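Undergrad: One letter stands for each residue in the lines below.
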Amino acid sequence: MSTHFSLYQPGSSYLHRLHPLTKLTFSLAAAVVVFGGPGGWLAALFPGLLAMLLLWRAGLAWRAALTIFRLLALLTVVLFLVHGFLNPHNKSILLSLGPFGLGQEGLAYAALVALRLAATLAASLLLTVSTQPAHLVQALAEAGLPYGLAYLLGSPLLLLPQIAGRVRSIQAAQQARGLKTEGSLLQRARALFPLAAPLIFSTLVDVEERSLALEVRGFSAPNPKTSLNELVDSPAQRTARWIMILLAGLLLAVELSWRVYASH
Amino acid sequence: MSLKEQLKQDFSTLTLALIAVAIVLNIVLGQTVSLLKLPIFLDSIGTVLVALLAGPWAGALTGLLTNLIWGLISDPVAAAFAPVALVIGLVAGLCAKYGLFKQWWQAILSGVIITLALSIIAIPIRVYMFGGVTGSGADFITAYLLATGKDLFSAVIITVITDNLIDKVATALLAWAIVKGLPRRFTARFQRSSSVIG
Amino acid sequence: MPAIEVSSLTYTYPGARAPALQGITFQVEPGQLIGVVGANGAGKSSLCLALAGLIPALFHGQMQGTVKVCGLDTRLHTPGQLAGKIGLVLQNPASQLSGMRYTVYEETAFGLENLGVPRSEMPARIERVLQQVGLAALGERSPYTLSGGQQQRLALASVLVLEPAVLILDEPTTMLDPQGSQAVFKIIREAVEAGTTVILAEHHLEWIARYADRVIALAGGEVILDGLPEEVFSSPLLLEAGIGWLRCTVAAQQASPLGLWPASMPLPVTIDAAAAGFSKAARKLRDVDPDQ
Amino acid sequence: MLIQINNVCFSYPGGVEALLDVSLTVQPGEMIALVGANGSGKTTLARHLIGLLQPQAGSIQIGDWATSEHAPSQMARRVAYVFQNPDEQLFCQRVWDEVAFGPQNLGCTPAEVTSRVKSTLEWLNLQAEEQVNPRDLIYSIRKRVALASALVMQTPVLILDEPTAGLDSREQAQLSQVLASLRLQQKTVIVITHDMDFAAENLDRFIYLQNGSVLADAQASAFFSAEFLSQTSDLIAPQMVRLSFSLGHTQPSLCADQLLRNVSTG
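Going line by line, the protein sequences match chains A, B, C and D.
With this note's numbering, the residue at position 50 of the first sequence is 50, and numbering never jumps.
With this note's numbering, the residue at position 15 of the second sequence is 15, and numbering never jumps.
With this note's numbering, the residue at position 38 of the third sequence is 38, and numbering never jumps.
With this note's numbering, the residue at position 213 of the fourth sequence is 213, and numbering never jumps.
Read the hints as simulated data drawn from the structure, not as lab findings.
If you're wondering where the values come from, they're calculated on a predicted model, not measured in any experiment.
We put the CB at the ideal spot given by N, CA and C, even for glycine.
Check each hint, because a few of them may be wrong.
[Unchecked claim] Simulated coverage check for chain C against chain D, where a stretch passes if three residues somewhere in it have a Cβ under 8 angstroms from a Cβ of chain D: (1) 73 to 86; (2) 107 to 120; (3) 136 to 149; (4) 167 to 178; (5) 238 to 244; (6) 281 to 287.
From just these sequences and the hints, can you work out the full model?
TA: Okay, structure coming up:
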């Protein structure tokens, strides 16, 4: 499976051995705390640092940091530019460049948004970098997620390279019939249907054979399913999950009631 | 037909297999579009196709899962916009159900309706979670509007609508043309496709 | 109890004008290898889907008559219930991968997991079937990096691991090269020797003529011939139905008026039978005319 | 149209199915079978001929055009390619538009397009299917539509990738007639195939690839020598050839009449 389609980094650190639901709960709880929590610097900083610490102990911090940089660098720059210069709340101008002034409030707001995104991303990477997608899907299925949904979460990832490979052979086939893919916007727009339609048609018509193959392998068999791979879980992790859910729920409830109270 | 039977029918193995590849098409078609350097994403074509063939619930699920999976495998920012993708599928399915995908001009109208509906969800997410920007080309529109004195919220409203209008209309038209061109024996297996092919 | 009983099976796809299958009746004893031949559009695939119980369950449409496999009426059992009894292999290797598993070993386990086979029993069954299809060494490989031929053998393994009593293959070698095809045919023969009943729809007439216990020829959705390979593959009906003969049979037929094929011998349907006949005729020519 | 392939080397980014120093000359009007196992480089070589792939070393000339200097959409004027899977090519709502797509891209006038499409559909007796949605046709007829959409380009060179896969004997007979008339029109035809029976009866020169290099290049009767066949497991010789050898003939027969002549001479 071509790795560039997944953030998963094979390994055997303690993080890899943690039950997928524990890591999923941490990621979701962190997101709730960051965006649903009291909203100050601390609410963003704490989950992010905790996630990076856990990643660091598993030797995955460097890869996570790189991924965060790759995904957020451009966004952060744009945030600072847009809010630094254009945020309506800018009062105290730190630096003026011609008609525009760099507002302190705008910069602070941009920094907070960037920090929140980085923290949530770090928490989600804790899950995605150390968990093989199929194991996450299995964990969800064992936790009662309907099998059909588990299939929908698991299979696209593996079908991706197969179907992506067709884009090139379809382009070849149409170019062999004189289709031009460069030139004016209109010409390129006209080339869209001859390139997109065969990909969609061949993929959709393929669905019938794919669903037959699943049926014949007992996909909709009525009996409870078993699994070859055993996911190690422990009572400790189970309690940890409940604690995280309670904490996040508590924080959210406090924040909501505070906002309701403050608005009257 | 009770909701339970409707759901059971909407989510047969065939529909599940359809949704799985539709999720892949949402992700892969971006490649074809960038190959042609066109100003659209086509990242919800699979969602709309499923909505037309298997109904609003299946369409909504396709959109939701596309962004969740895309977030899982390469860009967690996309996961934040999963509710937007859900709305695209739901609204497309409803448009089809009420006969708004029979003719090509109705598909354009549906594209506009989808754009307006998704904006209701996309704008708050973009403002509160991302401070109004996502690092894509559309940020220039927001920046320009802010520079002309608009407040962040209204700047983002205009950005989201202009950014999505062309793409969603193109997506609706393409989906309509595809369903029209699908083999008769294939669409016959989806009771809901009759709302498009009639 | 016969492995398969089909009685006056007629089926029309939804929205289709003409029926795809008409009044089909035949029985198959366990452990037999049945070849199904027919021109494109004659109903080979529809018959395979009906025998696998996927028609009418998944395709709706109108069906008359009954299909019983291992004594189970396919209209009274869902595909999920038939999964352990009937295996089906289709034409495109890549689209038969589950899309849920990362290694050949796990892909083979997919069916066992669906049927709820206990985890302890899985390794033995998986290793045996991977040995059977010659993929034992590739257990840890990703199914998506295999060649077409290897993927088709994996499709076979992931069905044979359920130990079905009946195995149906719908043109399994069309997308494979000769080596891939021979490997698939070898696995099919071994499955038959192990007692599995096999229905093989194929354009590759030569292999069927040599190894099938019986051949059913279809045209326009009806059975036009049902008999031993020697009878079916030398019947003029096959030519009219656009199925055609093997080239060695055609050669022998052209040879008989020239006295180059022994009148006493039936037309050959295999290379070996043709070689035997022509060498006999050639010897007779030399005895009659020694100085040649 | 003369084809010159000079010392072509090529490997995919992953290093799969490479071409190793392939040199071939194809005279106008030759009917060629490009054979070998999957992954031996057959399709890779064919894709070089229409400029879809550019060699890392060496060059390819189609007439006076070097494929490195002409975009594929230009090469489409000289080389038509029928791909193995018709479903990765067909996209129109009607067979007529599908076949008309190529000539329209070449800039033919509407009148020219109509006459070309009409004659090509008649040639492949697809008139009845003219207004049908290609995807409502069965697989083998879709293959014929893909063939028509290449023949309508009326190019001097034609490449067919596995044209017989999935065809029944009547459809194969029809394809033989198409190849026969292409031979009369002095077209250069290159057929990638595993079907040796079909190739022996319709094509003349056999080029055998293994791991990206040309191991054998000969006329049919010389190609199917007992010694060569014993070395390779990639090919299954035509039935008539195997029958000749098991009858002890020295020369392999390629069709029934040839075999009967050899049998009668004892």
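Undergrad: Would you say the region 281 to 287 of chain C counts as covered by chain D, given the rule of at least 3 residues with C-beta under 8 angstroms?
TA: holds (count 4)
Undergrad: Test coverage of the region 238 to 244 of chain C by chain D using CB-CB distances below 8 angstroms; three residues minimum.
TA: holds (count 3)
Undergrad: For the region 73 to 86 of chain C, count the residues whose Cβ lies under 8 angstroms from any Cβ of chain D; is that count three or more?
TA: violated (count 0)
Undergrad: Cut-off 8 angstroms, C-beta pairs, minimum 3 residues; does the coverage of the region 167 to 178 of chain C by chain D stand?
TA: holds (count 6)
Undergrad: Per the coverage rule (Cβ-Cβ under 8 angstroms, at least three residues), is the region 136 to 149 of chain C covered by chain D?
TA: holds (count 3)
Undergrad: Please check whether the region 107 to 120 of chain C has three or more residues whose CB lies within less than 8 angstroms of a CB on chain D.
TA: It is violated: at least three residues are needed, and the region 107 to 120 of chain C offers just 0 whose Cβ sits closer than 8 angstroms to chain D.
Checked against the numbered hints above, the structure violates hints 1 and 2; every other hint is satisfied.
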